[in-house]
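Student: This is what each chain is made of:
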Amino acid sequence: MTPAISCTRVGKIWRSADSANDVEALRNISFTVMPGEFVVLLGPSGCGKSSLLYMIAGLEQPTEGTLLAHGRPVASPDADRSLIFQDASLFPWLTVGENVTFGLSLRRESKAKRREVADEILRKIGLADAADKRPDQLSGGMRQRVAVARALAMRPSILMMDEPFAALDVQTRAKMQDFLLTVWKDSGASVMLVTHSIDEAIALADRVLVFTARPGKIKTEVPIDLERPRSPRDPRYRELHDLFADLLADEVDRAFEQQEAAAE
Amino acid sequence: MSLNRRVAAAAPAFLWGVVSVGIFAGLWELAWALGYANPLLLPPPHIFLSDIPGTLRYFDTTNTVGSNATGGGLVALATTIGWTTLRVVLGLAIGFVLGVGSGALIGYFAPFRNLMLPLVTLLAPVSPVAWLPVAIFLFGIGDVPAIFLVFITVYFAIVLSTIAQIESVPVNYLHVARIMGATRWQSFYRVVLPSVLPALFMTLRLNLFAAWMVVLIAEAIGVGSGLGQIVSVARSTFNAKLVFFTMGIIGVAGFLFDYALRQVQRKVLWWISTNSSKAAL
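Chains as they are written, first to last, in my numbering: chain A, 1 to 264; chain B, 1 to 281.
Just so you know, nobody snuck in bad clues.
Below are the DSSO-like pairs computed for lysine-lysine, each with C-alpha atoms no more than 30 Å apart in a straight line: (1) A:Lys113 / A:Lys185; (2) A:Lys113 / B:Lys267; (3) A:Lys124 / A:Lys113; (4) A:Lys175 / A:Lys133; (5) A:Lys111 / B:Lys267; (6) B:Lys267 / A:Lys133.
Honestly, the hints are just simulated from the structure, not real lab data.
With the hints as extra help, turn the sequences into a complete structure.
Tutor: Put into C-alpha cells, the structure is as follows:
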C-alpha cells in the first residue's frame, strides 16, 4: 500500500539576510504515515514540528529531502492535504455555513449544493443550528469544530492539525479530542497532529513521533498499544506517560536554554 | 429589534445632544443679553434663525457662476445642499475605489511599489487646499475641481491605509485560502479585500470631515455654487446672519453624512460588531 505521506531525509533551514543567523529547524526527518493512521508529533515548542506540517501542506518548501503524498511529490497546497491552525481562522465576514463551504465556493459549486454540504457536516459535528450564525457568536471549541468541518467539506485524505486545541480550556479540550476521534474514524483520513501535551498524544495517537529540541530530529517512535477510549487510570497509560515525560525532559531543558540564549 | 426599542435605545444620546447644543446656544444668548456679543458680528441663534425666508433668498437653484438668486426658498436650500453633497459623494467614491486599487497594486506588485510609493509618500502630506490652483488650472471653474479636491483629500489616505492593511491580513487567512485552492485573484477578492475593508472604511469616515471642509473651500473659490459659495458671499457682503445660518446647515449636513456612512458600514460590513448589532441579536 502506498503511504499517505512519505518523508525522506527532510531538512529545513530558515534563511536570514546574513547566513550567520540562519536557523536550522529540522534535520534528517524520515517517516511514513499510512492511510487512515493517526500520528501525533510530540516535542518541545520551537522544535520545528509545525514547520513539518507546513511543508507537507505545501505552504513551505523543504531545503533538503523529499516529501511524497500518495506517492507524488508535494509541490503546492491542496485541499486533499488540509491543515488546521491553533486559531480557528474562520472568516468573520462569512456565516458559519459559508465558512464551511468556502472551498466549494472557490470551485463555483451551486448554492444549493453548498447549503446541502454545510447542513450535513454541521449536523455531524453537532452544530446544526449554527449555519447562519457569525463565527464570533460561537465559543472557542465550536469555532475549532467549524474549522475542522471546513477542512472536511473538501473530503481530504490527509488532515493535519497544528496544536488545534492548545487555546482551549481543559474540559473543552477533552471533548474536542473525543470529537476528533469520531471525525477521524468517520472520514477514514490520515491524521497528523502536532502537540506538546503528553496526555493529548496518548489519548489520540496510533503512533507518536517524539521530536528533539532544535534542530528537530525524530528522537524515537512509540506506538500506543491501548484500546480506545483510553483511560488515564490504566497502568499502561501511566507507563507511557512516564516514558514520554522522560523522553521529553532533556529536550524541554535544551529548548528552554536555546530560547533564553536567543533572548539575550 | 423593534422600532420602539430602537427609539428607546437612542433616546439618551439624543437628549445629551440637545443638552450639549443647548448649553452652547444658551451661553451665546447670555453673552448677547449682557451686551458682550455684538448682534451685527455674532448674532445669537434667535437672531440668525429669526428671518429664515429672508435668509433663504440668498440660496439659488441654479448651479452656475454669477447667476442672480432666483428667490430662494426651501427648494433652493435643498438644491444647494444637494450640489455640495453630490461633489463630496463623487469625490469620496472615486477616491476610495482608486485608492484601494492603487494600494493593492503597490502592495502586490514590486514595480508599482518602486514606481508609485515614493511619489505617494511625497504627495500625501501636501494639503488638499494647495491643490486648489492646480485643480482650477486643470479643470477650470465648475464641479470638477471641487470633486477633484475631495478625491485628493481621501485618495492618499486610502492608498497608504490599504498598503498597511494588506500587510496586516492574518497570514493564516491566506494559508486557508491557498489550501482550499484559491487562485491569487480569488485570495485577493475573497479574503484580502473583506479583511481590509473595515479599516479602510474607518479611514474614509475619518477623512470625511476633511473632505467636507475642502469642498467648501473649493466651492468658495473655484465653483460658484454650493454651500461654500454662500459662505463666501455672506463674508463679502458682511451678512453675519447668513454666515451663521449656513454654518449651522453645514454642521447638520456633515453630521448626517457621517451618520449615513455609519449606516452603510453597518449594512455592508455587517460582521463588524457595533454596539447596536450586539443588542440586535
